[in-house]
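Asker: Protein chains in written order, with numbering that gives the first Met the number 0: chain A, 0 to 257; chain B, 0 to 257; chain C, 0 to 257; chain D, 0 to 257.
Misleading hints may appear alongside valid ones.
A pair counts as met if it fits within one copy or between any two copies, since identical chains are not told apart.
When the alpha-carbon atoms are kept at most 25 Å apart in a straight line, the in silico DMTMM-like pairs for lysine to aspartate or glutamate are as follows [claimed, not checked]:
1. Lys234 / Asp162
2. Lys86 / Asp220
3. Lys86 / Glu241
4. Lys75 / Glu37
5. Lys208 / Asp192
6. Lys235 / Glu37
7. Lys230 / Glu241
It is worth saying that the hints were derived from the structure and are not from the lab. This structure is a prediction, so every number in the text was calculated from the model and none was measured.
4 protein chains.
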Amino acid sequence: MLKDASIVREGDYILLYYSKNKKIIAKATRDKKIHTHEGIVDCNEIIGKKYGDIITTHLGQPLIVTRPTFLDFLTKFKRKTQVIYPKDLALIVFLSGVGPGSIVVEAGTGSGFLTAALAYYVRPDGRVYSYEIRRDFLEIARKNLSLCGLLPYVDLKHKDIVDGIDEKNVDAVILDMPNPWDVVPHAKEALKDGGVFVSFLPTINQVEKIVEKLIHENFLDVLTIETLLRKIKVKKGETRPETFMIGHTGYIVFARKP
Amino acid sequence: MLKDASIVREGDYILLYYSKNKKIIAKATRDKKIHTHEGIVDCNEIIGKKYGDIITTHLGQPLIVTRPTFLDFLTKFKRKTQVIYPKDLALIVFLSGVGPGSIVVEAGTGSGFLTAALAYYVRPDGRVYSYEIRRDFLEIARKNLSLCGLLPYVDLKHKDIVDGIDEKNVDAVILDMPNPWDVVPHAKEALKDGGVFVSFLPTINQVEKIVEKLIHENFLDVLTIETLLRKIKVKKGETRPETFMIGHTGYIVFARKP
Amino acid sequence: MLKDASIVREGDYILLYYSKNKKIIAKATRDKKIHTHEGIVDCNEIIGKKYGDIITTHLGQPLIVTRPTFLDFLTKFKRKTQVIYPKDLALIVFLSGVGPGSIVVEAGTGSGFLTAALAYYVRPDGRVYSYEIRRDFLEIARKNLSLCGLLPYVDLKHKDIVDGIDEKNVDAVILDMPNPWDVVPHAKEALKDGGVFVSFLPTINQVEKIVEKLIHENFLDVLTIETLLRKIKVKKGETRPETFMIGHTGYIVFARKP
Amino acid sequence: MLKDASIVREGDYILLYYSKNKKIIAKATRDKKIHTHEGIVDCNEIIGKKYGDIITTHLGQPLIVTRPTFLDFLTKFKRKTQVIYPKDLALIVFLSGVGPGSIVVEAGTGSGFLTAALAYYVRPDGRVYSYEIRRDFLEIARKNLSLCGLLPYVDLKHKDIVDGIDEKNVDAVILDMPNPWDVVPHAKEALKDGGVFVSFLPTINQVEKIVEKLIHENFLDVLTIETLLRKIKVKKGETRPETFMIGHTGYIVFARKP
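Okay, chain A solo, but in the shape it has when bound (with noise of 0.2 Å):
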């Protein structure tokens, strides 16, 4: 994902920007055309050219060629199902450790946004373990895995995680499903001493709801907290946050196994 030549080469995924906010990612495959918002550019031109290189499209509008990012690639994720912002992302892979090595059992897997993002940050010798019950999500996902060639890190599996967890002495067990109070004894068996369980939830009821259960369970450290990410428009002496806003995404639960 991370090629460090300076060199495109074919099959290579570029960034393509038109403007300093507006871009695009895309393919360099040969004999095939990019279609951007300012023009065409034929992938033949591209191959071969070194990054940070400007190429211009048949309406002559320059596009800075660069290298996309792990979130770039986010960005061009097929969607089917509602996905878990980057804000949140960050705060379930930083604050429940997990890392570089770490095996990880999530569901469900949706469109893999979170899949994703967990299996860039267990990379090279780690694995997620994602669970999904619906195959059509499943297909969507290994599509987005694939792109940004995260795939390799990840078990997608058609079960239901409600009927248990297949994997022992996990370092995480991270929840993006309605009902995940029915998977906390299983995420207690899966785990390993000082293991984090994680959900994440819309609503308060089901906060509740976890938050009763895991305790129940005896699981230590039971942390439930919400972020607010605020865009601040920054232009000399016109400097102000932006006035809509996300006011909410979910609530994210902690737990450490006991």
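Following the hints, complete the assembly by docking chains B, C and D onto the known chain A.
Answerer: Positioned in the frame of chain A, the structure of chains B, C and D alone reads:
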């Protein structure tokens, strides 16, 4: 840091819980005693126990022996400087795309909290080059990084980053210093195409100054955010956000190399 | 505005609810018809009915006839300018101490939202002197204030407040204009001892400039705040904050005459 | 309370500033002394001075003599109960439409903060009927309301509002009590058409319960909000929100009589 064996060995760091959310982190050193608020325990008794076992202090208080995670270590770090909160560390790491294998330049090292977070996520093949002008801070950071086993992934450099960045083709330059604008031209040279520049700043005036500089240097996707983290007290029938919260830590400015 | 009689009389403004949170405000004018989204009603049928009665449109939709409050009128105001949100009006009125009997100077009038809020609260013995340089705005404000019966409490002045304040010994000077610093010396002269200066400003740069000016002029208790209002979707078992919220309207700066 | 004369008279409450934001409120009583953190002043010396004059303590500290506003009095109120913050008082008053002439029913009186805010705004022709079951709280509220001259606008009633509301045709029923649902049927009877019901509640569970009750009783425009107030430290070149803030006080539920 994340040993899988289920037995506590000499030299292991262990996490001892007195209650559901009170804990201490300590090293299991032969012939040493660990003093807790609830009494003393003998390390010789702990070594050889299994993680998850319960031991008792000389006052009869039961303690659960478990494994610390990366975040537990952060709480044990010595602090000689203002440190970045986990909510901000999470977003800096995630939104900069820093992950396994990333090459990151950071300044100033300070007490090493951000350094540790970056080192944790670039493992095992990436590297953090951390610049600091104060030798005493470098020593504290060295101890903190040693504590959690992350020193092997970090180059602590006693050098003013304003004088230049030695590294080339890096994935990210991340600055927690009062005058990041003086580093922008160096960052531009050091970053690979599409590489990410990050600056963490407490005041809005610094934000205006860095954003102006980044735009002047043609950086792309300049984004300024701040986050508010709210803890929720969850108890059946008495659920409410906590009365006190941190109202401001700092702004995070992101940009991409042009 | 707040007639106590329980019978709808000709000329009354009435509030018609179609559903639990959809409504229209209209004037009961003999021989006129009111067009709602759910059909037409004849005013002659409404006049003489009791508040609380239900009438039906020509489409058979039942409507509850009720009395508008001050806030209902605000929603019917014509807007030619950016207007101040209720959350900010509330804090401006309350934290400035403006109440019945207060003498208030305000600029600029704009569409008259803040003027109306101030007039509503200074009744019956106080007065609002509202300065505006644009005659077209004054006309809109005049219509809006007439609509809700508050015009008798307001002097609409076609004058640039930067040229001076005619009134003396006033309780508050409240400014919703881009250059309040030009008014500070006039405000100092016009305010009584302990009188309150308020400025509503969208950008942080304006806030810095007005605060600097106020401190330079020895104003006391200089305080700058912003508020975030979050709506909660409450439904048994599905309670959560609303997804979208207003992230920023403006900062409010308060100070006391020295 | 808001005497216009510019001379301090015996019996006046005065506000003495030691510095730009430190102050004390005191009564100018002949032959009494006022003890401040910066020394003692003799009331006889203050009586007859003009507001805005400067006097000095026996330690030579200059004090500015000025007039208190309603909010200054609130800070001097005795507190025997949890009190409602100004940010919430402001929204309760404003969004309920309570203003000059309003007839308001309130419970429980508590220390009288909300009572005072309501009384301040219904003057001179409105009235606040405040119910409280604890006689000791009523006595504190009586003293607090006397202090700022608002007692004439209030009926303090030693009665459990759950047993019924004596008043009819009121503009608003405003409840700061743990079990507001028990009052909803009484409120429905007491309110005039279009009248506003308000409940201030610390927990989300109480909010769910009152909203359910209000909807069951066919109340209109049921709205639940919470507000966050952020203070900004403004200083040229060092401007930033304050580090600590109040993260939660309570939710405010509004509804209209059906």
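Asker: Which numbered conditions among the earlier hints are violated in the structure presented, ordered from lowest to highest?
Answerer: 1, 6
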